[in-house]
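Enquirer: All chains, please: the whole structure from these sequences, using the hints.
Residue numbers (the numbering used here), protein chains in the order written: chain A, 1 to 253; chain B, 1 to 308.
Where hints are given, some of them may not hold.
[As the list claims (entries may be wrong)] The calculated label-pair distances, taken between Cβ atoms and stated as ranges, are:
| id | chain 1 | residue 1 | chain 2 | residue 2 | range |
| --- | --- | --- | --- | --- | --- |
| 1 | B | Gly186 | A | Ala86 | 27 to 37 Å |
| 2 | A | Phe100 | B | Arg31 | 34 to 44 Å |
| 3 | B | Gly140 | A | Phe3 | 33 to 43 Å |
| 4 | A | Phe137 | B | Ala165 | 27 to 37 Å |
| 5 | A | Val140 | B | Gln10 | 35 to 45 Å |
| 6 | A | Val140 | B | Ala77 | 33 to 43 Å |
| 7 | A | Ala141 | B | Lys211 | 32 to 42 Å |
| 8 | A | Leu200 | B | Lys211 | 57 to 67 Å |
| 9 | A | Ser27 | B | Lys211 | 51 to 61 Å |
| 10 | B | Asp204 | A | Leu22 | 46 to 56 Å |
| 11 | A | Ala141 | B | Arg31 | 55 to 65 Å |
| 12 | A | Leu236 | B | Glu184 | 37 to 47 Å |
Worth flagging that the hints you see were computed from the coordinates, not collected in a lab. Fair warning: this is a prediction, and the values are worked out from it, not measured in the lab. Backbone N, C-alpha and C define an ideal beta-carbon position, used for all residues, glycine too.
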Amino acid sequence: MNFYAIRAIYKFEMARTFRTLLESLLSPVLSTSLYFIVFGAAIGARVGEVDGVDYAAFIIPGLLMLPLLNESISNAAFGIYMPKWAGTIYELLSAPVSAFEAVIGYVGAAATKSLMLGALILITARFFVPYQIEHPFWMVAFLILTAVSFSLFGFIIGLWADSFQRLQVVPMLIMTPLTFLGGAFYSITMLPPLWQKISLFNPIVYLISGMRWSFYGKADVDVAVSLAAILGFLTLCLAVVSWIFKTGYKLRN
Amino acid sequence: MSASPIVSIQGIGKTYASGPQALKPLDLDIRHGEIFALLGPNGAGKTTLISIVCGIVNASSGTVVVDGHDSVRDWRAARAKIGLVPQELHTDAFESVLATVTFSRGLFGLAPNPAHIESVLRELSLWEKRDAKVMTLSGGMKRRVLIAKALAHEPRILFLDEPTAGVDVELRHDMWQMVRRLRENGTTIILTTHYIEEAEDMADRIGVIRKGELILVEDKAVLMTKLGKKQLTLQLQTPLRQVPAELAALPLALSADGNAITYTFDTQRDETGIADLLRRLAAHGIDFKDLHSSQSSLEDIFVSLLRS
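Expert: See the structure below:
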């Protein structure tokens, strides 16, 4: 195990994070605050309670997950796409670094940044809504699992992308609709029966539902299913990454 | 020098998925501690070959053994021995010089060694610039940064892919001094270059690659004598209009102004024919005031190889 390489990559990526700290953390915090004002304060006052939880508090798990998913993806995608674009990837490819080690370095740094963001959003939310966390251990576990899985997903997108447009296309065209339809702002039980069934094909539903359970003990789907869903996604991403490194797809051609 | 090669390339070939065969299967052994120059026109496959040895590109066939380690099965040990300076100036724009060179050492699995990094940076005249962001440096300085990165993990084998392309005289001079010193320390150096006089000046052995085929590998000295031709040029006392018919059988060329005759001969032959030539010229009353001989340069040899 090349620990020095993992540390070098992690440090390199964290240095990049801290160089752009203001832009990368401030804008998600700002947009989350806007959601709180619009949905929490303005609209939430009319909605009342959902599942016995005040609406402003009800949307917190979802509002935590939205930027977490997006930032994890774009962070990790950018982290591995940049060396490809700048050509500096030659060094990583010629170094005695395994796929697994590179992934720990890049994905670890991206997930770290996402967790910093998550903490910041939870603090921000505190200013708007007094919320409680019923299962803090599971809350942190879901946070970490989500940050890691989606950083891994972003890493794959970064490996796959061969232009800046492609780098944007998955977060824009897939993640945005999935997260908005993933129950961040509503319980899927509020949907007509057909749409409830369709929603069950949306993986984001399981993530947000699991996160909401850790906050309030209320969920759209069983928390065990949520946990299995995220672990399954993590495993899938790991398999894809190791396949990419093994075959050299888009890297060693 | 030990007998076993430090890099042994066997049957390495590459066909890109998109089409062309970049390298026909080739064999090449690099000896311990030598400077090996790989010459060839653009697109001949030099960079592809280097990239395969360094693990950046997967070969379509063949094996590479680096200091006893198979580059695929025992890739970690093989790669740790190699430092690569790429042809293009691929650098991390926002990192400082010190950070990017320190990063390289870590990437190759070595514990931090600030003293080594400092000595590398000092030798490349980068120490004063260690806190500068790489993007603020000139092209020549970026090239130095790439060399420093390649040397950060104390490699046994250094690949220099077109190291002097677009580099000023001073850096070229510094670089060759550094190459010589690295060789003295036992580092094996493999370089590609377009400046043939550099290969002529620096290399112990030369390989010529053309259209993905290694057409020649030879000691430089042997190559020079084997393929080198000598020319004897005579400055005439009085201009000639043409070479006398009796001498037409000899490999003589008259200059356009008729003031000089050039005689081309093979250095390999025992009998150069010079004595005979001079006697016959004298017999025809052709007098000369000066003469000099010259040996063809590696560049001439190279050009004639590529044309053949």
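Enquirer: Could you check the structure against the hints above and give me the numbers of any it violates, in ascending order?
Expert: Checked against the structure, the hints that fail are numbers 4, 5, 7 and 12, while the rest are satisfied.
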